[in-house]
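Undergrad: Chains as they are written, first to last, in this note's numbering: chain A, 1 to 249; chain B, 250 to 519; chain C, 520 to 763.
Rather than coming from a laboratory, the hints here were simulated on the basis of the structure.
You can take every hint at face value.
Derived SDA-like pairs (lysine to any residue); straight-line CA-CA distance at most 25 Å: (1) B:K334 with C:D748; (2) A:K100 with A:R82; (3) A:K197 with B:P439; (4) A:K197 with B:T432; (5) A:K230 with A:L168; (6) C:K543 with C:P521; (7) B:K334 with C:L673; (8) B:K423 with A:T224; (9) A:K197 with B:T419; (10) B:K251 with B:I280; (11) A:K197 with B:F436; (12) A:K197 with B:H434; (13) B:K334 with C:A741; (14) A:K226 with A:D23; (15) B:K423 with B:Q433; (16) A:K197 with A:D125; (17) B:K423 with A:L219; (18) B:K423 with A:P199; (19) B:K334 with C:G722; (20) A:K197 with B:S421; (21) A:K226 with B:H434; (22) A:K197 with B:E414; (23) A:K230 with B:V424; (24) B:K334 with C:G677; (25) B:K334 with C:L756; (26) A:K197 with A:E175; (27) B:K334 with C:Q739; (28) A:K226 with B:S421.
Covered stretches of chain A (in silico footprint by chain B; criterion: 3 or more residues with CB under 8 Å from a CB of chain B, positions within the stretch not fixed): (29) 141-152; (30) 167-176; (31) 182-191.
Partial list, computed: chain A residues near chain B (C-beta under 7 Å): (32) L179; (33) Q195; (34) F229.
Ideal Cβ positions, reconstructed from N, Cα and C, are used throughout, including at glycine.
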Amino acid sequence: MANWAILSGIEGNLAAYEAVLADIRRQRQPVTDLYIVGDLVGLRGDNEALVRRVRSPQPGEPIPQVCTGWWEEQCFSLHGLRGLPDAPELVDRDRLGTVKDLWEAVSRQTVLWLADLDFGFHELDCLLIHGSTVSYSDELTPETSPLTLCDRLIRADANTLFCGRSGLAFECWVEPSALQSTVTTLDQTAAPQEQGKSPRRVVGVGNVGRQAGQASYVLYNPGTNKVTFKQVQGSLAKGFGASKGLSHR
Amino acid sequence: MKLAVISCIHGNYEALNAVLSDIDTHRADQIYCLGDLAGYGPHPNAVVELVRSLDIPTCQGCWDEDIVEGLNACECSYPSQLAEKRGHLAHEWTNRAIHPEVRKYLATLPMTLRQDNLCFVHGSPNSQHEYLLPSMDGFAALERVLSAEADVLFCGHTHVPYLRELDNGTLSVKVQQPGQGETQHQFTAPLKRIVNAGSVGEPRHGRPNATYVLYDTDSAQVTLREVPYDYAKTCAAIIEQGLPPIFAWRLARGMEFAERADDPGHVCER
Amino acid sequence: MPHFIAISGPSGSGKTTWISQFLKDQSTPQFYVCPGLGEISMDLARIGYRFPWVQVVAEAQLRAVLADLPDQATVYFEWGFHLDLGSPFLAGLGCERVAVLPPDLTESDWHTWADRVVAGNAVAAPANGHLPEVWCTPLTGQVFDPPSLEVLLLEVTGGAYGQVCRLKGIFELPNGRAFYVDFVEGLPGMEYTELNLPPWLAGRPSRFSGIEVTGWGLEQQAIAQTLLDSGLSDAALSQYHQHF
Numbered sequence: 001m002a003n004w005a006i007l008s009g010i011e012g013n014l015a016a017y018e019a020v021l022a023d024i025r026r027q028r029q030p031v032t033d034l035y036i037v038g039d040l041v042g043l044r045g046d047n048e049a050l051v052r053r054v055r056s057p058q059p060g061e062p063i064p065q066v067c068t069g070w071w072e073e074q075c076f077s078l079h080g081l082r083g084l085p086d087a088p089e090l091v092d093r094d095r096l097g098t099v100k101d102l103w104e105a106v107s108r109q110t111v112l113w114l115a116d117l118d119f120g121f122h123e124l125d126c127l128l129i130h131g132s133t134v135s136y137s138d139e140l141t142p143e144t145s146p147l148t149l150c151d152r153l154i155r156a157d158a159n160t161l162f163c164g165r166s167g168l169a170f171e172c173w174v175e176p177s178a179l180q181s182t183v184t185t186l187d188q189t190a191a192p193q194e195q196g197k198s199p200r201r202v203v204g205v206g207n208v209g210r211q212a213g214q215a216s217y218v219l220y221n222p223g224t225n226k227v228t229f230k231q232v233q234g235s236l237a238k239g240f241g242a243s244k245g246l247s248h249r
Numbered sequence: 250m251k252l253a254v255i256s257c258i259h260g261n262y263e264a265l266n267a268v269l270s271d272i273d274t275h276r277a278d279q280i281y282c283l284g285d286l287a288g289y290g291p292h293p294n295a296v297v298e299l300v301r302s303l304d305i306p307t308c309q310g311c312w313d314e315d316i317v318e319g320l321n322a323c324e325c326s327y328p329s330q331l332a333e334k335r336g337h338l339a340h341e342w343t344n345r346a347i348h349p350e351v352r353k354y355l356a357t358l359p360m361t362l363r364q365d366n367l368c369f370v371h372g373s374p375n376s377q378h379e380y381l382l383p384s385m386d387g388f389a390a391l392e393r394v395l396s397a398e399a400d401v402l403f404c405g406h407t408h409v410p411y412l413r414e415l416d417n418g419t420l421s422v423k424v425q426q427p428g429q430g431e432t433q434h435q436f437t438a439p440l441k442r443i444v445n446a447g448s449v450g451e452p453r454h455g456r457p458n459a460t461y462v463l464y465d466t467d468s469a470q471v472t473l474r475e476v477p478y479d480y481a482k483t484c485a486a487i488i489e490q491g492l493p494p495i496f497a498w499r500l501a502r503g504m505e506f507a508e509r510a511d512d513p514g515h516v517c518e519r
Numbered sequence: 520m521p522h523f524i525a526i527s528g529p530s531g532s533g534k535t536t537w538i539s540q541f542l543k544d545q546s547t548p549q550f551y552v553c554p555g556l557g558e559i560s561m562d563l564a565r566i567g568y569r570f571p572w573v574q575v576v577a578e579a580q581l582r583a584v585l586a587d588l589p590d591q592a593t594v595y596f597e598w599g600f601h602l603d604l605g606s607p608f609l610a611g612l613g614c615e616r617v618a619v620l621p622p623d624l625t626e627s628d629w630h631t632w633a634d635r636v637v638a639g640n641a642v643a644a645p646a647n648g649h650l651p652e653v654w655c656t657p658l659t660g661q662v663f664d665p666p667s668l669e670v671l672l673l674e675v676t677g678g679a680y681g682q683v684c685r686l687k688g689i690f691e692l693p694n695g696r697a698f699y700v701d702f703v704e705g706l707p708g709m710e711y712t713e714l715n716l717p718p719w720l721a722g723r724p725s726r727f728s729g730i731e732v733t734g735w736g737l738e739q740q741a742i743a744q745t746l747l748d749s750g751l752s753d754a755a756l757s758q759y760h761q762h763f
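Use the sequences and the hints to build the structure in full.
TA: See the structure below:
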């Protein structure tokens, strides 16, 4: 039976990633698919070691399926591969210093590898993506207007939208229960149409690496359609952090 | 107050003149224009000069943007390879024909115009390239009107006029977060409307007549107008000016179809 | 003795359709000849694709094939409206002569010529002395952008490049499939038939495809340019093929 683990925002934190992998190994129902929805790399942490680890899963581990996120897009911008040049979003957000830090934190070779990754994954009736189909920087939270959430679900063409931009873990069921639409054209006024439909949901998958010792991710069982929030203990993350040097040799 | 909203003139001076006369007979107090003054048609400069001389508030259309910034519409905005090739021909012609001061004027056009609870855009509040088709999901359409913070959203770009009323919008939301109880809330939206002004100079509703809309701010009454004009004159000018004759053939049948309209959710990334 | 049948009638009257009902029979050897258009004959290609057991005979091989026919053979000559009914060639063969004509046509050269008249489609018979021109071109190797092809067919049959009374074409699409398209002025819509051929998913197809347009005042260059503008580039084609 399928069981997905969905992660986001490792941001180069190898120790946190190892802690999550360890937690995944402990699941009674084995994890069959592992999705990382963006922000694999970040400003802090050892991005190169993390990318090596992600690209060479150990025997028995699911092969990670990775898509791009906000930090990857900043790298593409900085390296002139996509979007506007010179990472204006990053400059706006932080100071110019961070641009230099990011340039040093991720090698060009790694950036080129990241540039080949998908923007998101359509699997079954789910979309797994960093922000939304509107943009990698689209931040959906439980506070986002219900109509905006509904719009993102319509655009995603999915019953469940897994996203990671906010870093929050949440499950938000949106039911567009009623709406009367009447269209008049030059030739006719059509009878009003009821546009209400069944509920769909947006799931925030948490964040693995942004805060030390506070990794969160979600498990999703496509058979039962159930989402389970997972939080990985800080002490464990630290413990695996100590073995960082060994894991990729 | 009576408003007239026109859009997508596309260098068709004959059609613009006929529409302005029709607006005169209906005694509109104010005209708004939703852009695409240039492209495909034979008289882009004359159209811009006329709109400017009448001080018509105008927002920038995707064709105006391309004339200012160079052709950079993503290829996905064309419905076919053939339409793309023709679009490029039209762009090159217009780019050569346009006067420098006209280009400068087009560059100054805003993306959005507002008056009280009304908002005016070319495509959608998100993008000049997004199509708000009447068949678009009602909740997505409602989201566009609300994101514009308006009660009535006027748009063009599809070249087919329509009025869409969205009433009794209701959504309920159930949120679950780790370590917290479940919360629920409901959201309701009052009546919102989308008014598509059609196209003055390049109609796509299957007849050659120009289209635009009238709006009465007091009664909220919307009137879709269809105005016959001497399209044969425009067709002759298209051929005379060296634009592809097929533009004239399609114009005479009200079947101009330059860009993609089957993927309304598509947002151009460029 | 081999049996010869010549079939004539105005453009779009249903000659090929009438012949096709007999070609389904595989019990005796059948031959199909459509003279006058050289190698670029949509009918010849379509009959060949649809009835692989029928021997379609190009003009160049006609003499050799006729000289060596099996006794049980039936040979169908599709005699286009642009060919002379009094042809000594036909007369020499001793053909059975069938005219497929619009039901309301009561008097014509075809009536005098035919042994048998069959009621076909209600197409307008061309006014005397104003026979339409036929323009055809092979398109072998061209693969079309589907929405562009749709626009092109709509424009050509709608009269954008001269008045068209008939269009036949075999077009290759990027999903590897080939379609036969048939338009007759006055009949509703356009007929699309998928040809029963293996999908061609590597490179450009080398099997025959082409277009035949019949009408008045045809702007041949403009049609040819639109055909070219609607064809996929190598890069676009290989992208499609990767996808399928």
